[in-house]
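Participant: Here's the letter readout for the chains.
There are 2 protein chains.
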Amino acid sequence: MTTVTLGHDEGLLAPSLRLIATEVDRAFDLLLPEPADGRIKLYQAMRHAAIGGGKRLRPLLVIAAAELFAVPRERAFRAGMAVECIHVHSLIHDDLPCMDDDDLRRGKPTVHCAFDEATAVLAGDSLHALAFELLADPATHPDPSVRAELTLSLARSVGASGMAGGQMLDLMPEPSIGDLEAIARLQRLKTGALIGWCLDAGGALGQAGEEARRSLRGYARCVGLAFQIADDLLDVEGCEAAAGKRLRKDDAAGKPTFVSLLGAPAARAQANLLSSQAIDHLADFGPRADLLRAVARFAVERDR
Amino acid sequence: MTTVTLGHDEGLLAPSLRLIATEVDRAFDLLLPEPADGRIKLYQAMRHAAIGGGKRLRPLLVIAAAELFAVPRERAFRAGMAVECIHVHSLIHDDLPCMDDDDLRRGKPTVHCAFDEATAVLAGDSLHALAFELLADPATHPDPSVRAELTLSLARSVGASGMAGGQMLDLMPEPSIGDLEAIARLQRLKTGALIGWCLDAGGALGQAGEEARRSLRGYARCVGLAFQIADDLLDVEGCEAAAGKRLRKDDAAGKPTFVSLLGAPAARAQANLLSSQAIDHLADFGPRADLLRAVARFAVERDR
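Here the protein sequences come in this chain order: A and B. Each residue of the first sequence is one higher than the one before, counting from 1 in this note's numbering. Each residue of the second sequence is one higher than the one before, counting from 1 in this note's numbering.
Hints listed in this document are in silico derivations from the structure and should not be mistaken for laboratory results. Any given hint could be a false lead.
Claimed, not checked - Here are the simulated PhoX-like pairs of lysine-lysine, each with C-alpha atoms no more than 25 Å apart in a straight line: (1) B:K108 - B:K55; (2) A:K249 - A:K108; (3) A:K41 - B:K249; (4) B:K249 - B:K55; (5) A:K55 - A:K249; (6) B:K108 - B:K41; (7) B:K255 - B:K41; (8) B:K255 - A:K41; (9) A:K255 - B:K41; (10) A:K108 - A:K55; (11) A:K249 - B:K249; (12) A:K108 - A:K41.
As the list claims (entries may be wrong) - Reference excerpt, derived from the structure (chain A facing chain B, CB under 8 Å, subset only): (13) H93; (14) A114; (15) L130; (16) E133; (17) G218; (18) L282; (19) A283.
Unchecked claim - If you anchor each label on the Cβ, the simulated ranges turn out as follows: (20) B:P142 - A:A241: 46 to 56 Å; (21) B:A283 - A:D116: 40 to 50 Å; (22) A:G254 - B:A114: 23 to 33 Å.
Each residue gets a CB set at the ideal place from its N, CA and C atoms; glycine is no exception.
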């Protein structure tokens with residue numbers, strides 16, 4: 001078991017996070033010019049949601065995984081933009097009044113508050129489609145079989161057997177089984193499927209062998225769950241200003257979480273263990289995987 | 001100019017429509033088995049919206065276009081299922097209270113009425129993803145470049161520069177320019193882009209030449225507009241029981257349509273002219289295009 005060293009990755013991770021945040025904002029700015037017709041409000045809403053404030057963790061995961069196989073960065077970046085489109089789509093729809101009814105996201109009013117509900121539904125739908133438009137474009141990878149594979153796996157991660165199915169479980173008024181296994185299953189669908197896609201996309205872009213891809217899947221499972229537990233801890237202990245979203249919502253809704261079931265100290269220990277297990281999955285990759293190792297530590301250390 | 005003969009295609013079109021309706025219902029039944037967990041409501045909502053009652057015009061267009069190039073029917077059918085997923089997705093979201101606020105669709109309560117709004121948003125999102133899952137699967141076409149091309153063009157037809165952009169224009173409270181050109185532009189985005197994709201998918205699956213694909217684009221433009229004008233006429237003159245949806249909504253909302261601007265007789269003449277022009281675009285295809293010719297006539301003759 002690797003010992004998790006906390007707080008020593010500023011040198012590696014912080015510049016990568018700053019760089020990707022700038023690049024993602026710039027790419028969305030170029031992708032979403034405001035048209036000179038009645039659709040301007042739709043584009044403004046997409047820009048409001050997509051530009052500024054995100055951690056851009058998913059694009060970073062794609063790029064970090066792709067680096068293991070020397071994939072040209074611009075290809076990994078396009079796949080990262082695709083998954084970020086899906087992520088922003090899901091935030092817009094999950095924040096709707098009929099869903100989680102949130103008014104604050106990434107430090108700004110949510111889309112239905114800043115615009116209106118109809119525009120929020122359509123902005124989410126448009127970003128959903130944009131993800132596949134980016135992914136299927138020849139610029140993402142010259143081999144169309146790679147693009148088709150990425151498209152197929154992303155669609156599976158997003159639909160009723162993935163993210164949308166997880167959100168449905170999360171909306172159930174009475175959790176039928178409030179045990180750890182049920183919560184872990186919800187997490188695997190709601191957030192784990194998309195995080196798993198990010199790592200797998202790196203392997204697909206690099207046309208990596210089965211063993212390497214299996215290691216990345218193991219890393220993704222551990223990091224995804226560590227992130228979720230850290231999110232649950234932030235929901236209880238965090239600061240709304242730093243998080244940029246409303247906190248203490250799970251408790252108010254009476255939703256069981258890792259923290260409510262385990263208690264905060266045991267949940268934190270579990271998150272740290274998962275972070276360390278994630279790093280163990282990277283043993284065969286050498287120093288090329290240092291960025292992924294830093295992400296695994298960041299998962300459980302961040303304040304937002 | 002070909003003379004449009006009305007009412008003589010029962011022999012060709014009606015069996016094709018009945019067959020495709022049965023096949024699409026059966027395929028959705030197999031694609032969407034109800035899971036034994038909390039996601040069951042999501043799948044029930046998807047089944048409610050997707051199974052039963054649709055004209056299945058878009059799958060029929062894909063299959064009829066693919067027939068021109070001797071594409072195996074099961075491939076065209078998968079692409080047709082993909083576009084039907086997108087169509088049903090758009091109906092679910094467009095019917096939401098924050099959008100067109102409809103309570104009746106395909107003769108049944110709309111999804112948010114039969115279930116709830118959150119489930120309707122997620123069912124629409126899940127069908128959106130399912131479209132790309134179906135399309136990117138190797139069963140759709142053995143050549144991945146064909147699948148990637150179909151994915152890219154479908155995503156473009158669906159997002160802010162296509163269907164979602166058209167719905168945004170349609171939601172504008174005050175149409176900025178209530179002239180025919182503005183309405184035609186709205187139609188090209190809101191419904192024309194997806195209908196155009198159906199015909200183009202036939203050509204892509206058949207790896208057809210540029211000349212044939214240009215003819216299909218011309219046919220799609222004319223048929224799409226003819227369908228919209230016929231829909232506007234149905235909204236004024238039709239029977240809700242036959243249509244399976246609420247009518248007289250455009251007039252109540254004060255929305256300009258082809259009928260309100262031209263008057264019903266001139267709008268009908270325009271629709272018939274477009275149907276006939278659509279058929280003209282098929283001149284080079286011979287009897288193989290008879291099904292597409294029948295669809296062009298059906299566009300302006302139907303009662304739903």
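Participant: Determine for every hint whether it applies to the structure shown.
Facilitator: We went through each hint and held it up to the structure:
no.: 1; hint: B:K108 - B:K55; in the structure: holds, 14 Å
no.: 2; hint: A:K249 - A:K108; in the structure: holds, 17 Å
no.: 3; hint: A:K41 - B:K249; in the structure: holds, 24 Å
no.: 4; hint: B:K249 - B:K55; in the structure: holds, 21 Å
no.: 5; hint: A:K55 - A:K249; in the structure: holds, 21 Å
no.: 6; hint: B:K108 - B:K41; in the structure: holds, 17 Å
no.: 7; hint: B:K255 - B:K41; in the structure: violated, 35 Å
no.: 8; hint: B:K255 - A:K41; in the structure: holds, 19 Å
no.: 9; hint: A:K255 - B:K41; in the structure: holds, 19 Å
no.: 10; hint: A:K108 - A:K55; in the structure: holds, 14 Å
no.: 11; hint: A:K249 - B:K249; in the structure: violated, 40 Å
no.: 12; hint: A:K108 - A:K41; in the structure: holds, 17 Å
no.: 13; hint: H93; in the structure: holds, 6 Å
no.: 14; hint: A114; in the structure: violated, 15 Å
no.: 15; hint: L130; in the structure: holds, 5 Å
no.: 16; hint: E133; in the structure: holds, 4 Å
no.: 17; hint: G218; in the structure: violated, 25 Å
no.: 18; hint: L282; in the structure: violated, 29 Å
no.: 19; hint: A283; in the structure: violated, 33 Å
no.: 20; hint: B:P142 - A:A241: 46 to 56 Å; in the structure: holds, 54 Å
no.: 21; hint: B:A283 - A:D116: 40 to 50 Å; in the structure: holds, 47 Å
no.: 22; hint: A:G254 - B:A114: 23 to 33 Å; in the structure: holds, 27 Å
In the structure shown, a violation is registered for the earlier hints numbered 7, 11, 14, 17, 18 and 19, in ascending order.
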